[in-house]
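**Q** For chain A, the structure is supplied; the task is to place chain B on it using the hints.
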Amino acid sequence: MADKFIEDKVTRVPIKKDGQEVKVDFNDLKSGGFIKQRQKDQFTVRLRCPGGRIDTKKLIEISKIADKYSKKNVIHLSFRQSLEILYVDYKDFDNMVRDLEKIGQKVASCGPRVRVPTACGGCEYNPNGLTDTQGLAKMVDEKYFGTPCYHKFKISFSGCPIDCSRTKEMDLGFQGVVEPTWDEDTCTGCTICSKACKEDAIKSHPETGKPIYDPLKCIWCGDCIRACPTESWQAKRYGHFVRIGGRHGRHPREANDVAVFIPDEKVPEVIEKTLEWYKINGKRGERIGKTIDRIGLDSYMKFMEPVFKSGEPLGRKV
Amino acid sequence: MADIKADNSLDLRGVLCPINFVKTKLKLESMDVGQVLEIVLDDGEPIQNVPKSIKEEGHKIVEVKKEGEHFRLKIEKR
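Sequence lines, in order, name chains A and B.
Be aware that the first sequence starts at 1, since it is given in the numbering used here, and climbs by one per residue.
Be aware that the second sequence starts at 1001, since it is given in the numbering used here, and climbs by one per residue.
Just to be clear, a hint being listed does not mean it is correct.
[To be verified] Lysine-lysine pairs mimicking PhoX-like chemistry, simulated, CA-CA at most 25 Å apart:
hint: 1; chain 1: A; residue 1: Lys210; chain 2: B; residue 2: Lys1060
hint: 2; chain 1: A; residue 1: Lys203; chain 2: B; residue 2: Lys1066
hint: 3; chain 1: B; residue 1: Lys1060; chain 2: A; residue 2: Lys198
hint: 4; chain 1: A; residue 1: Lys236; chain 2: B; residue 2: Lys1055
hint: 5; chain 1: A; residue 1: Lys203; chain 2: B; residue 2: Lys1065
hint: 6; chain 1: B; residue 1: Lys1060; chain 2: A; residue 2: Lys203
hint: 7; chain 1: A; residue 1: Lys279; chain 2: A; residue 2: Lys309
For the record, the hints were derived by calculation from the structure and aren't laboratory data.
For reference, chain A alone in the conformation it holds in the complex (with noise of 0.2 Å):
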């Protein structure tokens, strides 16, 4: 029988279980969302969740997936805010993909490409946040996710400074960030501002109360515009922080800060630049970090300014 050895043209491999033929697919293991335990034929199945939010609909019809295949019947909640349901029989993947996708739900992936977008709460429901974490998350998940690289390539958005998300710890990251500007008239020199300020960024003045502003030390979180109780403190402009080759692992590296202000309507183009660049000057299983460090931030810089000059370049290493 010819089909007993498998060839590198084949995408389907019929294989027997429990008497009966099944098949398995290898362009679903391609993308890697596949990941082999220590267990025989056991695998780890790992869904596509972008910035961990899951429908809750959805979520009751994954665990009842989840229920029928992973032999132990237990989920994992990985690091990167995806759903993993564990020992997974490799006989079973065919029909678990069919069955994920009666309910819309995709495989992640593993592997040297973009991964799927983690994000926090972002300005929706959290106090703090700035952006659309969410929205954007889901928006890069659509337009980008699989995308080959020369390794794994990690984005993430954060909401506001305090950065949930550890962009300083991704490939790219996005953290909101709003600048605040003060209106004199209406300020009635209440000093709740420069209380609100963790930065030591406002001072107030020891006669009128009013708020002596540091731009320098500013890191734009907007905790004065939330506290003002009399919106003489305002929203200038919302925006992204954007930092570039952050890691952790093996071999942690700080992000480059490399531009501010970056405004939502940009931020496809930063990925996709950021990608070009990485395209031209990266190497096989390098990351992004990598290539800044051999290459130099200075030509990743000179390779954004068209689209940083939408805000402000900073070009520093944290």
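**A** What follows is chain B alone, placed relative to chain A:
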């Protein structure tokens, strides 16, 4: 600014976050729209956090006075 008359008051000195805010919120809920609640908050974390939360709940801070190590706020229920 002339002193605004308060209908109710809460001394929240020594009360930690977020209990100080919850107490404020509960008191405001028992009051009528337009009435004024006076609270006394400690410097530090309480003054950093409570005014933001009051604003987010939709109420208006109409007066702020610093008195030594604490703050006296007047809040209009909205």
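**Q** Mind checking the alpha carbons of Lys236 (chain A) and Lys1055 (chain B) for me, to see if they're no more than 25 Å apart?
**A** The hint holds at about 19 Å.
**Q** Check the hint pairing Lys1060 (chain B) with Lys203 (chain A) against an upper bound of 25 Å on the C-alpha distance.
**A** OK: Lys1060 (chain B) and Lys203 (chain A) at ~23 Å, within 25 Å.
**Q** Next pair to validate is Lys279 (chain A) with Lys309 (chain A); report whether the Cα-Cα distance is within 25 Å.
**A** 22 Å, holds
**Q** Are Lys203 (chain A) and Lys1066 (chain B) close enough, with their CA atoms no more than 25 Å apart?
**A** 15 Å, holds
**Q** Assess, step by step, whether the Cα of Lys1060 (chain B) is no farther than 25 Å from the Cα of Lys198 (chain A), and give holds or violated.
**A** With a Cα-Cα distance of about 23 Å, the restraint between Lys1060 (chain B) and Lys198 (chain A) holds, given a limit of 25 Å.
**Q** Straight-line Cα separation of Lys210 (chain A) and Lys1060 (chain B) no greater than 25 Å?
**A** Given pair Lys210 (chain A), Lys1060 (chain B) holds - Cα atoms ~19 Å apart, limit 25 Å.
**Q** When you check the alpha-carbon spacing of Lys203 (chain A) and Lys1065 (chain B), does it fall within 25 Å?
**A** Roughly 16 Å separates the two Cα atoms, so the pair holds.
In terms of the numbered hints stated before, the structure departs from none.
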